[in-house]
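Undergrad: Given chain Y's structure and the hints, the job is docking chain F onto it.
Protein chains: 2
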Amino acid sequence: MRQEKIVEDKIDKGITAPIGYKAAGIHCGIKKLKKDIALILSDYPATAAAVFTLNKVQAAPVLVSKEHLQTNGKFRAIIINSGNANACTGERGYDDAKKMAEETAQVLGIKTDEVFVGSTGVIGEPLPMEKIINGINQISQLANEYGYLDAAEAIMTTDTFLKSFSSSFFIEGAKVSIGGIAKGSGMIHPNMATMLGFITTDAAIEQETFQLLLKKIVDKTFNRIIVDGDTSTNDMVIALANGTSGIKPLKPETESYKIFEEQFYQVLKKLALDIVRDGEGATKLVEITVEGASTEIDAVKAAKAVALSPLVKTAIHGEDANWGRIITAVGYSGIEFDPAKLEIIINDVPILTKNYVVALPIKEANQTLKSKNIHLLIKLNLNGGNATCWTCDFSEEYVKINGSYRS
Amino acid sequence: MRQEKIVEDKIDKGITAPIGYKAAGIHCGIKKLKKDIALILSDYPATAAAVFTLNKVQAAPVLVSKEHLQTNGKFRAIIINSGNANACTGERGYDDAKKMAEETAQVLGIKTDEVFVGSTGVIGEPLPMEKIINGINQISQLANEYGYLDAAEAIMTTDTFLKSFSSSFFIEGAKVSIGGIAKGSGMIHPNMATMLGFITTDAAIEQETFQLLLKKIVDKTFNRIIVDGDTSTNDMVIALANGTSGIKPLKPETESYKIFEEQFYQVLKKLALDIVRDGEGATKLVEITVEGASTEIDAVKAAKAVALSPLVKTAIHGEDANWGRIITAVGYSGIEFDPAKLEIIINDVPILTKNYVVALPIKEANQTLKSKNIHLLIKLNLNGGNATCWTCDFSEEYVKINGSYRS
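Note that the protein sequences, when read in sequence, are chains Y and F.
Note that the working numbering has the first sequence beginning at 694, numbered continuously upward.
Note that the working numbering has the second sequence beginning at 694, numbered continuously upward.
Extracted from the complex, chain Y is given alone in its bound form (with noise of 0.2 Å):
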């Protein structure tokens, strides 16, 4: 059965673990050498859910695809650029990303809104369409299901290692996957940063469902990592579910949503962690959780007010366990907390007890900050509100990147 192998095929192989989906990421010319053009096709029209940047400037390709996506809930392709955002153009702009689609629609024999369109780059320069149209053409020649390594590395600007990750599970017998892959490094923040998320699924599951589900696993995972606090023009996440698995369409509260969900969060959550773990400069993966705020709203702004903090961020660079600066973080979140309730414990360690009692000499504090992971425990001891986040240290060398390099 030509099925059977393919799934058992399939396992690690990213965006095209699903069944029905193929990929490739070559080099057009936007870029001097490495590759900046990357595609993504399903054999079949898949259901698509998608989040777009909160950024009130919105970048062309954004534009372009929130169009289609209102037009069309069923998705073949989405094409991808690096190197150049598309972003502060103008009509020009607007017209470039609008001819991406239209010329991988004509190239593949499908409807112009059937493509997503993706950018990631320099902000404010036109693309170069000649290269851009003669790379859709290659591409869609070369698309094929081993190219899922090679799409991510063509989505990737000051990234440090490409992103890809899959997964596969049963559901009422029936094998299904997810695959997926990002771009991020720098500029990630909650609300979608310079970040791109491409997401596949072989499941099947009506668009609503979908969309429900992909913003609140979006909320838990690409939502709450922060590198630097600034969000951007470009940032995406889009899910394409083909229902190849054969599996029924999922319907929420079924135990078969429950476990899609656990590793659609799962996938979405490497995806995550990986944009940490590459932030500009970064040298640790630091992870932030708060218990027992008023509310999980309460707790989310506690552990991003922690994670955004340069304070304590070049702290845990530094390896000084200075609860002091997490303290004060939480001091400015906005939330409601009694200071003399709260606790600090590093990778299960406590730093800091209540009564602002000191739990060991600050030189063995520090030994806890010795690790690549870090885990940052802070209890509020107030009420059942839970959350965490992920960020990264802050080094010297995010300034270097930052102040010679131009994205």
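Calculated from the structure, these hints are not laboratory results.
Each hint should be verified, as a subset may be incorrect.
No copy labels: a pair is met if it fits in one copy or bridges any two.
20 Å max Cα-Cα, derived EDC-like pairs, lysine to aspartate or glutamate [stated by the list, open to error]:
#: 1; residue 1: Lys1056; residue 2: Glu1012
#: 2; residue 1: Lys994; residue 2: Glu1036
#: 3; residue 1: Lys1056; residue 2: Asp1013
#: 4; residue 1: Lys909; residue 2: Glu899
#: 5; residue 1: Lys1056; residue 2: Glu818
#: 6; residue 1: Lys1047; residue 2: Glu784
TA: Then chain F, alone, in the frame of chain Y:
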């Protein structure tokens, strides 16, 4: 005439420029070698105004100073220590701060609630009270009208230069002076960061009027400076007006009041800008003006978002006129605007004009950032909302200082 003579001498004497003030700064042993305790003394009960940190975690000296201001509108002294913030120190910390006021009052023969208390330095460690009590006894003997620089020095922490300024001018034929000292450096952010400011004047003004004035001017100066976005537990700006100039109490809307307000603004602005200049690792002073927003509130939001953006600050450090990062920051500031109408002017040179038209080649644009003083003008061309704020660039040095220094 003794008084006339003094008036002539007072120019440029910081907080002792106004008549009837004494100051001192000495080493009492909190720090290893540097001055760490300061006293500001008014010979006569002075009308007091004060603004305090909005952080939910408020250090003991903030709590005690607020209490005293509630029970009493007239003050004689401000006692300040550096090297230890007396923050997150619980009941003991409160008792210690109160004790600082009591001891100062006793030695000077004044009332406890005529004393403000300020602290700055390490969070979470108890004050070395024996040293401080000794210090208070010593410093009370030393206060004189030439101690203004010693006082300015004694409140410094990571500051690299002392911040002292005064202005003398005439109101209705009488000489009036305003003096101030401040400390900042790192953790500088609107709504009071680890920032202390102490202002003296010999003007006469009623408390309610003085409080409104201080709040208004702090909002346009100390609350418009941004170094890294962190706000702290200990910040305060305290102003004393002892009336010794002999002028009638200043009334709002009068010509005299307007003269005073303008000078008061100039003194606070000078101190605030000195704090930015001394931002940890700063190499450039950046003035950000947003013009033509819907409202002044929107203009402030946009200016602060740009001032807070690590990507903008590192680009300015790298002398890269990266307008894409500026427009992106305005985009996520949360205000309404039309990106196509936005213009960016750096040091009077247009960089970006309407409809995303790039005004000159990037190499020439970068030349505008060579200066130590950068004026970044962002025109939204929407309405009449204008605002200015100040920040510094973000250097590798910032990360080094904060990764290794324990503050």
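Undergrad: Take the hints in turn and mark each one as holding or not.
TA: Here is how each hint holds up against the structure:
no. : hint                 : result
1   : Lys1056 with Glu1012 : within (10 Å within a copy, 39 Å between copies)
2   : Lys994 with Glu1036  : within (17 Å within a copy, 33 Å between copies)
3   : Lys1056 with Asp1013 : within (9 Å within a copy, 40 Å between copies)
4   : Lys909 with Glu899   : within (15 Å within a copy, 55 Å between copies)
5   : Lys1056 with Glu818  : between (51 Å within a copy, 15 Å between copies)
6   : Lys1047 with Glu784  : between (58 Å within a copy, 13 Å between copies)
Comparing the model with each earlier hint shows no violations; every hint is respected.
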